[in-house]
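> Top to bottom, those sequences are chains A and B. All you need for this note's numbering is the position in the first sequence, starting with 1, plus 355. All you need for this note's numbering is the position in the second sequence, starting with 1, plus 355.
Incorrect hints may appear among the rest.
Pairs of lysine-lysine residues, derived as DSSO-like cross-links and limited to a Cα-Cα distance of at most 27 Å, are as follows [as the list claims (entries may be wrong)]:
no., chain 1, residue 1, chain 2, residue 2
1, A, 488, B, 487
2, A, 488, B, 488
3, A, 488, A, 475
4, A, 423, B, 475
5, B, 475, A, 426
6, B, 426, B, 487
7, A, 426, A, 475
8, B, 426, B, 475
9, A, 426, B, 488
10, B, 426, A, 487
11, A, 426, A, 488
12, B, 423, B, 475
13, B, 423, A, 426
14, A, 487, A, 475
15, B, 475, A, 425
16, B, 426, A, 423
17, A, 425, A, 487
Label-pair restraints from in silico Cβ distances [what the hints assert, rightly or not]:
no., chain 1, residue 1, chain 2, residue 2, range
18, B, 493, A, 493, 27 to 33 Å
19, A, 416, B, 442, 17 to 23 Å
20, A, 418, B, 409, 28 to 34 Å
21, A, 495, B, 412, 31 to 37 Å
22, B, 442, A, 429, 27 to 33 Å
23, A, 487, B, 491, 32 to 38 Å
24, B, 487, A, 510, 41 to 47 Å
25, B, 505, A, 405, 41 to 47 Å
26, B, 398, A, 415, 47 to 53 Å
27, B, 493, A, 529, 49 to 55 Å
28, A, 418, B, 529, 23 to 29 Å
29, A, 493, B, 490, 20 to 26 Å
30, A, 422, B, 511, 32 to 38 Å
Derived from the structure by calculation, the hints contain no laboratory data. Nothing here was measured: the structure is a model prediction, and the numbers come from that model. We put the CB at the ideal spot given by N, CA and C, even for glycine.
Protein chains: 2
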Amino acid sequence: MGFWKSWFTSDSAATARTTPMEEKALEVLGDRAENASRIFFSTDREIDLYELEELCDAVGWARRPLRKVKKAIEHSFLVVSMWEQRGERRRLIGFSRATSDHAFNATIWDVVIHPNFQGKGLGKALMRHMIKKLRNEDISNITLFADPHVVDFYRTLGFMPDPEGIKGMFWYPD
Amino acid sequence: MGFWKSWFTSDSAATARTTPMEEKALEVLGDRAENASRIFFSTDREIDLYELEELCDAVGWARRPLRKVKKAIEHSFLVVSMWEQRGERRRLIGFSRATSDHAFNATIWDVVIHPNFQGKGLGKALMRHMIKKLRNEDISNITLFADPHVVDFYRTLGFMPDPEGIKGMFWYPD
Chain A
356 MGFWKSWFTS DSAATARTTP MEEKALEVLG DRAENASRIF FSTDREIDLY
406 ELEELCDAVG WARRPLRKVK KAIEHSFLVV SMWEQRGERR RLIGFSRATS
456 DHAFNATIWD VVIHPNFQGK GLGKALMRHM IKKLRNEDIS NITLFADPHV
506 VDFYRTLGFM PDPEGIKGMF WYPD
Chain B
356 MGFWKSWFTS DSAATARTTP MEEKALEVLG DRAENASRIF FSTDREIDLY
406 ELEELCDAVG WARRPLRKVK KAIEHSFLVV SMWEQRGERR RLIGFSRATS
456 DHAFNATIWD VVIHPNFQGK GLGKALMRHM IKKLRNEDIS NITLFADPHV
506 VDFYRTLGFM PDPEGIKGMF WYPD
């Protein structure tokens, strides 16, 4: 709980001089001014699909048709991206989105952090940002489907596997 | 596989003389003409919320604010209801809906069949109709969260619990 919070900085100065797509300054990385970078969240959906594909490639995901990725982003309830800003250059380093009925349920999909930025608490920060946004919209049931190696990661964020024996199930053709 | 299919009848005659909300004649119930009833699917979202609440009451679900139920129905990707038509009277006997990103994933919620109509294969017919509709929309990943006592029901429909160790998880506050 304490660790990821230390990544947050007051965002007033940062957001005042950046575009509206940046919502929250997370951290200044680098100890020399010319190398300094900031990390931001955004809920803007105008994401360069090739840049997103590059991010997903970096973690080894199977490629998906960009036409469908575009549609999925358009029809997600919430899209949160994470950016590293270094000088004028902005780089997509994290992404997540959620489907929802806008009332009761949300399901989080496609959580990704670039390998170079993993192990710094950014994944937790991204997920906490997702949860906060969903809670602000009065969504009470937040779900996801976790690969075995990230079950413990989500557990530390308050996600429970199979609560009261409820099973996540996937449809496959007979 | 064979059993539920026997519930379907050719729907051309039925739909020709009914309103557009009815899409598919399932079965003629009752053996005397004056007691005959037909069962229909509909994807119309104009559902009487009090009638839906009555159906959910009948299976013992906790009541939910109708304002939120209305919003959830509006923002679901697919809503399928099941109706018994007896003469001029139409009665809501089943319901299900799915959220989706319209591209890759759909998650099925709120599957309910009135207790008086359970054990007749109608739940399976409803789910197969949902799956067919989602597949027609090119959705490849159909998911749901199943209570322990219905895991086997969904398994017979081709849903797999925890495939490759993927865990369904629910968020709870710390």
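> Does each hint fit the structure? Answer for all of them.
Checked hints:
{"no.": "1", "hint": "A:488 to B:487", "in the structure": "33 Å, violated"}
{"no.": "2", "hint": "A:488 to B:488", "in the structure": "31 Å, violated"}
{"no.": "3", "hint": "A:488 to A:475", "in the structure": "22 Å, holds"}
{"no.": "4", "hint": "A:423 to B:475", "in the structure": "38 Å, violated"}
{"no.": "5", "hint": "B:475 to A:426", "in the structure": "38 Å, violated"}
{"no.": "6", "hint": "B:426 to B:487", "in the structure": "24 Å, holds"}
{"no.": "7", "hint": "A:426 to A:475", "in the structure": "31 Å, violated"}
{"no.": "8", "hint": "B:426 to B:475", "in the structure": "31 Å, violated"}
{"no.": "9", "hint": "A:426 to B:488", "in the structure": "18 Å, holds"}
{"no.": "10", "hint": "B:426 to A:487", "in the structure": "20 Å, holds"}
{"no.": "11", "hint": "A:426 to A:488", "in the structure": "21 Å, holds"}
{"no.": "12", "hint": "B:423 to B:475", "in the structure": "31 Å, violated"}
{"no.": "13", "hint": "B:423 to A:426", "in the structure": "26 Å, holds"}
{"no.": "14", "hint": "A:487 to A:475", "in the structure": "20 Å, holds"}
{"no.": "15", "hint": "B:475 to A:425", "in the structure": "41 Å, violated"}
{"no.": "16", "hint": "B:426 to A:423", "in the structure": "26 Å, holds"}
{"no.": "17", "hint": "A:425 to A:487", "in the structure": "24 Å, holds"}
{"no.": "18", "hint": "B:493 to A:493: 27 to 33 Å", "in the structure": "31 Å, holds"}
{"no.": "19", "hint": "A:416 to B:442: 17 to 23 Å", "in the structure": "55 Å, violated"}
{"no.": "20", "hint": "A:418 to B:409: 28 to 34 Å", "in the structure": "48 Å, violated"}
{"no.": "21", "hint": "A:495 to B:412: 31 to 37 Å", "in the structure": "20 Å, violated"}
{"no.": "22", "hint": "B:442 to A:429: 27 to 33 Å", "in the structure": "44 Å, violated"}
{"no.": "23", "hint": "A:487 to B:491: 32 to 38 Å", "in the structure": "36 Å, holds"}
{"no.": "24", "hint": "B:487 to A:510: 41 to 47 Å", "in the structure": "36 Å, violated"}
{"no.": "25", "hint": "B:505 to A:405: 41 to 47 Å", "in the structure": "43 Å, holds"}
{"no.": "26", "hint": "B:398 to A:415: 47 to 53 Å", "in the structure": "38 Å, violated"}
{"no.": "27", "hint": "B:493 to A:529: 49 to 55 Å", "in the structure": "19 Å, violated"}
{"no.": "28", "hint": "A:418 to B:529: 23 to 29 Å", "in the structure": "36 Å, violated"}
{"no.": "29", "hint": "A:493 to B:490: 20 to 26 Å", "in the structure": "32 Å, violated"}
{"no.": "30", "hint": "A:422 to B:511: 32 to 38 Å", "in the structure": "35 Å, holds"}
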